[in-house]
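Protein chains in written order, with full-length UniProt numbering: chain A, 1 to 392; chain B, 1 to 92.
Any given hint could turn out to be false.
To be verified - The calculated DSBU-like cross-link candidates involving lysine-lysine, where the alpha carbons are at most 30 angstroms apart (straight line), are:
1. Lys229(A) with Lys140(A)
2. Lys232(A) with Lys353(A)
3. Lys3(A) with Lys84(B)
4. Lys84(B) with Lys305(A)
5. Lys232(A) with Lys84(B)
6. Lys305(A) with Lys229(A)
7. Lys41(A) with Lys140(A)
8. Lys353(A) with Lys84(B)
9. Lys305(A) with Lys362(A)
10. Lys232(A) with Lys305(A)
11. Lys3(A) with Lys353(A)
12. Lys84(B) with Lys362(A)
13. Lys41(A) with Lys362(A)
14. Lys229(A) with Lys139(A)
15. Lys3(A) with Lys232(A)
16. Lys229(A) with Lys84(B)
Quick caveat, the hints were computed from the structure, so don't treat them as lab data.
As the structure is a computational prediction, the values presented were derived from the model and not from experiment.
Listed here are the chains, written in short residue letters.
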Amino acid sequence: MDKPYGLLAELTYSCPLQCGYCSNPLQLDDYRDELSTEEWKRVFSEAADLGVLQLHLSGGEPLQRHDIVELVQHANQLGLYTNLITSGLGLSTRRAEQLRAAGLDHVQLSIQADDQALSDQIAVTSSFERKRVAAGLIKKLGWPLTLNVVLHRQNIDRIGGILDMAEAMEADRVELANTQYAGWAGPNQAELLPTRDQLEGAEAVVQAARERIGDRIDIIYVIPDYYSKYPKPCMDGWASRQFTVVPNGEALPCPAAHELARGLNLPPATVREHSLEWIWTESPLFQQYRGDAWMPDPCRSCDRKEIDFGGCRCQAFALTGDAARTDPVCHLSPDHGLVEAAVAAANDPQRPKDGPLIPRAKVGRTKRAVGATPGKTAGTPVQLSRTVLKGT
Amino acid sequence: MDITDPTARPRLAPHVRMVFNAARGEHALLSPETVWVINATGAAIVELCDSQRTIAEIGAELRGRYDQVADGDVQRFVADLVTKHGMEVDHG
């Protein structure tokens, strides 16, 4: 068993936005009892001892944590590469300067579209202008800027304008990944999955932009896996390279595994009761789908099983109720009809282009905050499957 | 413009840094979403990529230190990382 390279720390599920594509869990109330500053610091220290090199600070909106600067500073002192994944709301000049001084390495800023009205509509919050200001501040303070625009049926036709915006903001990287249908995106899947025509249009625009922009911006474009022949190599395999700790201290092998983990009825792997080393090496949850002993056919006898590891366990669970089945995205899966039906529905010419999205719920920050000042929400789906390239 | 040009002066991209990972006993280059694990020779190359030295000078310096540095090793290493946006080069 290898050691983990990356830790995604979902510090809080509080967020000022309410994006319907959010990957955070539907049962947000279950995660209000957030780890304290000292508990997170211990988690980061144990992660570094375990071999973790990259720390992704996310949420929710991680800037909702008043101790964010202290947490970044601690991680930096441990030598971790720190990546703040933010909506930009809460990134005041003073906060940004403090984070720079604390050693924050990189900022990934989410924007919902290139057009103010559409961006604010998707975020269910007036936020576009503040995000533009945040982008300028990030560049001004000398951070590399990654712009993350989660793509879906309602904004993918704007991809040309989104790339123009990235150029104007002098982004160093732009991530244009189509939504994964986890968390709040699950019930919104039908309103998020683009049509085949939309995808073809977007790919042509991305291709042209890559030729025009060249090396100035690293453009990452990811199609919805519903349109792929094979599943994605999710997380490079279960509990293989990285893991997630959610606001209440539960550890998950994948950022979308909340419901799956509960469905297995295994003893919880929580940092409040266990060391990260025990969680990584011994916890039943992390062992559950390691390697290939769990695999059913067609995966078991497939020569791609070392390439895609049977696909996404969370997607298999969400679509079939059984996390041990082949990812239904795979054309060889006995459940592939579920994905084909969703693709057919998305491409039905009668289907309206922009239906309403269910907004992600608002959630308070801690149990003590219940009924007092409810926080707000949304999250930035994090793409973490490309993390390790060995052998360079 | 050829990124393997021997007169090119490479450096790490601004968002990339090298660490020695004590838990594994290996060097790695870290960037926002990627970890590149590199061997000791790779680490020695990166240490010399200071935007002052050319690829040819880096190769010469390494040959002074190590017995086996094949022609083209530094070029290939740098070109690979430039392609992956881990390094940048100045020409001339």
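Here's how the hints hold up against the structure:
1. Restraint check for Lys229(A) and Lys140(A): the C-alpha separation of about 43 angstroms exceeds 30 angstroms, so the hint is violated.
2. Between Lys232(A) and Lys353(A) the alpha-carbon distance is near 27 angstroms, which keeps this suggested pair within the 30 angstroms criterion.
3. Between Lys3(A) and Lys84(B) the CA atoms are separated by roughly 24 angstroms; this keeps the pair inside 30 angstroms, and the hint holds.
4. Pair hint Lys84(B) plus Lys305(A) holds up; C-alpha atoms about 26 angstroms apart against a cutoff of 30 angstroms.
5. Between Lys232(A) and Lys84(B), the direct Cα distance comes to roughly 20 angstroms. Compliance with the 30 angstroms bound is thereby established for this hinted pair.
6. In summary, the hint linking Lys305(A) to Lys229(A) is supported, as the alpha carbons are separated by about 14 angstroms, within the 30 angstroms threshold.
7. Between Lys41(A) and Lys140(A), the direct Cα distance comes to roughly 29 angstroms. Compliance with the 30 angstroms bound is thereby established for this hinted pair.
8. A threshold of 30 angstroms between alpha carbons decides the hint, and for Lys353(A) with Lys84(B) the separation of about 36 angstroms lies outside it, so the pair is violated.
9. This hinted pair does not check out: Lys305(A) and Lys362(A) have alpha carbons roughly 40 angstroms apart, beyond 30 angstroms.
10. Under the criterion of a C-alpha separation no larger than 30 angstroms, the hint pairing Lys232(A) with Lys305(A) is consistent with the structure, at around 11 angstroms.
11. This hinted pair does not check out: Lys3(A) and Lys353(A) have alpha carbons roughly 45 angstroms apart, beyond 30 angstroms.
12. The suggested pairing of Lys84(B) with Lys362(A) is violated, with an alpha-carbon distance near 39 angstroms, which exceeds 30 angstroms.
13. Proposed proximity of Lys41(A) and Lys362(A) is supported: the alpha carbons are some 27 angstroms apart, at most 30 angstroms.
14. Between Lys229(A) and Lys139(A) the alpha-carbon distance is near 39 angstroms, which puts this suggested pair outside the 30 angstroms criterion.
15. This hinted pair checks out: Lys3(A) and Lys232(A) have alpha carbons roughly 22 angstroms apart, not beyond 30 angstroms.
16. For the proposed pair Lys229(A) and Lys84(B), the alpha carbon gap of about 26 angstroms is at most 30 angstroms, so the pair holds.
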